[in-house]
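> Residue numbers (our numbering), protein chains in the order written: chain A, 1 to 143; chain B, 144 to 260; chain C, 261 to 437.
Don't read these hints as lab results, they were simulated from the structure.
Please note: incorrect hints may appear among the correct ones.
Simulated pairs of lysine-lysine, DSS-like, Cα-Cα distance not exceeding 25 Å [claimed, not checked]:
no.	chain 1	residue 1	chain 2	residue 2
1	A	K12	C	K376
2	B	K242	B	K197
3	B	K209	B	K197
4	B	K175	C	K376
5	B	K242	C	K376
From the derived model, a few chain A residues whose C-beta atoms are all more than 12 Å from chain C [said to hold, decoys possible]:
no.	residue
6	I6
7	F19
8	E119
9	R140
Partial list, derived from the structure: chain B residues whose beta carbon lies under 10 Å from chain A [said to hold, decoys possible]:
no.	residue
10	V166
11	T200
12	A201
13	E206
14	L219
15	L237
16	I241
Note that this is a predicted model, so its numbers are computed, not measured.
Backbone N, C-alpha and C define an ideal beta-carbon position, used for all residues, glycine too.
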Amino acid sequence: MKRHYIVRVISKLLIPCIFLFALYVQFHGDYGPGGGFQAGVIFASGIVLYTLVVGLDRAQQAFHPRIIEILVAIGVLIYGSVGIWCLASGGKFLDYNALADDPVRHPQHGQHLGILLVELGVGITVAAAVVSIFFAFVNRGRS
Amino acid sequence: MPNLGLFNYWVVIVLMMTGFYTVIARGNLIKKLIGLNVFQVSVFMLYISMANVKGGTAPIIFEGAKIYSNPLPHVLILTAIVVGVSTTSLGLALVVRIKEAFGTIEEDDIRRLEEEA
Amino acid sequence: MSTAIAIVVLRDLWSSVILSGIFSLISAGLFVVMDAVDVAFTEAAVGAGVSTVLMLGTLALTDTSEKRSDRFQVLPLLVVLLTGAALIYSTLDMPHYGDPYAPIHLGEPANTYIYKSSNEIGVPNIVTSVLASYRGYDTLGETVVIFTAGIGVLLLLRRSCEMDQEGKTCVNEESHS
Numbered sequence: 001m002k003r004h005y006i007v008r009v010i011s012k013l014l015i016p017c018i019f020l021f022a023l024y025v026q027f028h029g030d031y032g033p034g035g036g037f038q039a040g041v042i043f044a045s046g047i048v049l050y051t052l053v054v055g056l057d058r059a060q061q062a063f064h065p066r067i068i069e070i071l072v073a074i075g076v077l078i079y080g081s082v083g084i085w086c087l088a089s090g091g092k093f094l095d096y097n098a099l100a101d102d103p104v105r106h107p108q109h110g111q112h113l114g115i116l117l118v119e120l121g122v123g124i125t126v127a128a129a130v131v132s133i134f135f136a137f138v139n140r141g142r143s
Numbered sequence: 144m145p146n147l148g149l150f151n152y153w154v155v156i157v158l159m160m161t162g163f164y165t166v167i168a169r170g171n172l173i174k175k176l177i178g179l180n181v182f183q184v185s186v187f188m189l190y191i192s193m194a195n196v197k198g199g200t201a202p203i204i205f206e207g208a209k210i211y212s213n214p215l216p217h218v219l220i221l222t223a224i225v226v227g228v229s230t231t232s233l234g235l236a237l238v239v240r241i242k243e244a245f246g247t248i249e250e251d252d253i254r255r256l257e258e259e260a
Numbered sequence: 261m262s263t264a265i266a267i268v269v270l271r272d273l274w275s276s277v278i279l280s281g282i283f284s285l286i287s288a289g290l291f292v293v294m295d296a297v298d299v300a301f302t303e304a305a306v307g308a309g310v311s312t313v314l315m316l317g318t319l320a321l322t323d324t325s326e327k328r329s330d331r332f333q334v335l336p337l338l339v340v341l342l343t344g345a346a347l348i349y350s351t352l353d354m355p356h357y358g359d360p361y362a363p364i365h366l367g368e369p370a371n372t373y374i375y376k377s378s379n380e381i382g383v384p385n386i387v388t389s390v391l392a393s394y395r396g397y398d399t400l401g402e403t404v405v406i407f408t409a410g411i412g413v414l415l416l417l418r419r420s421c422e423m424d425q426e427g428k429t430c431v432n433e434e435s436h437s
């Protein structure tokens with residue numbers, strides 16, 4: 001992609017905006033359309049665009065495949081551990097009411113916290129899974 | 144036609160049959176996967192069109208909205224979309240391996256090669 | 261609909277893949293018209309983004325055009341037409357589009373979610389509250405599904421990648437031939 005100047009320049013302007021938009025979608029999933037899955041896919045699309053522009057080697061320097069694989073598992077672990085934290089706090093599995101300071105009068109605080117953490121875990125897993133699938137496809141074609 | 148209210152189901156059925164035909168009639172494996180994708184999207188459209196309420200709005204609570212569309216099928220379809228992309232990616236990985244093992248991705252050629260071996 | 265028919269007919273696989281991306285985008289627009297904004301978001305991102313990129317990657321690794329079939333097969337077309345006719349016959353009893361008294365809207369779960377979500381959960385987006393709180397267990401299963409897909413693809417397609425001395429590039433080895 002060394003001589004496709006337009007694509008390179010525009011991508012360098014757009015890729016930070018894509019990551020920022022992914023973070024916005026992730027954390028505003030409560031107030032508008034969005035949530036974990038959409039944010040994860042948008043983040044992965046940003047990484048894919050970066051890989052297409054700078055080539056696989058530099059992209060794998062920036063996002064090491066081993067770390068991405070570990071992140072896939074960490075997202076699911078976050079989700080499960082939120083459920084177990086609810087169990088440890090006295091509620092049922094994935095019962096976010098138990099996470100609040102005052103489960104009787106303000107269960108909404110616990111719900112907010114639970115939903116935030118859960119969507120974070122989902123977003124991390126989806127982004128890492130899509131990126132590692134893409135890297136696997138490209139690595140297969142190289143040798 | 145007295146049943147114009149059923150128009151959305153007929154569109155969905157036409158799309159579904161197009162995807163179905165692609166899966167069973169075409170020999171190329173990637174074409175089959177694309178047809179499967181078309182089939183899945185038509186099923187999503189079936190559920191979403193059933194969830195719509197006339198005069199309703201998107202299921203996000205804000206001031207001044209009286210009727211919302213049914214949010215339950217939306218949740219089911221979100222899960223279904225993610226599962227669909229998972230199966231598509233696994234299917235494409237299998238196609239790549241089949242190509243490396245057999246040298247072709249046409250179904251008839253693969254069957255012929257397997258019978259000879 | 262015409263994009264779907266074009267996908268079937270065309271033999272060149274590059275065009276079919278791009279058309280499937282366009283098909284996903286058009287269906288996302290239709291979802292917005294039908295008031296399903298979260299679903300449209302996901303379908304546009306996933307269908308027009310991820311699926312198309314992965315199919316293009318697969319095409320780069322395999323052939324790019326389909327073989328012309330020798331004779332026109334009647335049996336698949338007959339099966340498809342019969343199934344379509346049976347399905348159309350079955351839709352004659354279904355509720356009309358947008359009917360607010362359809363059984364799907366009168367049942368218990370949907371009304372509970374809409375009415376009680378703002379009190380019990382306090383999140384404006386009802387779809388997120390249902391997805392993450394009321395049906396959180398299903399979302400756990402869905403996350404595990406995409407985790408499994410990632411692992412599956414890595415098992416199928418991975419070659420062990422070890423960084424060379426300076427840590428600059430991957431020195432690919434065959435994991436097993």
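> Each hint: holds or not?
Results of checking the hints against the structure:
no., hint, in the structure
1, K12(A) x K376(C), "violated (45 Å)"
2, K242(B) x K197(B), "violated (49 Å)"
3, K209(B) x K197(B), "holds (12 Å)"
4, K175(B) x K376(C), "violated (44 Å)"
5, K242(B) x K376(C), "violated (53 Å)"
6, I6, "holds (20 Å)"
7, F19, "holds (14 Å)"
8, E119, "violated (6 Å)"
9, R140, "violated (5 Å)"
10, V166, "violated (23 Å)"
11, T200, "violated (12 Å)"
12, A201, "holds (8 Å)"
13, E206, "violated (13 Å)"
14, L219, "violated (14 Å)"
15, L237, "violated (12 Å)"
16, I241, "violated (13 Å)"
Checked against the numbered hints given earlier, this structure breaks hints 1, 2, 4, 5, 8, 9, 10, 11, 13, 14, 15, 16; the rest are met.
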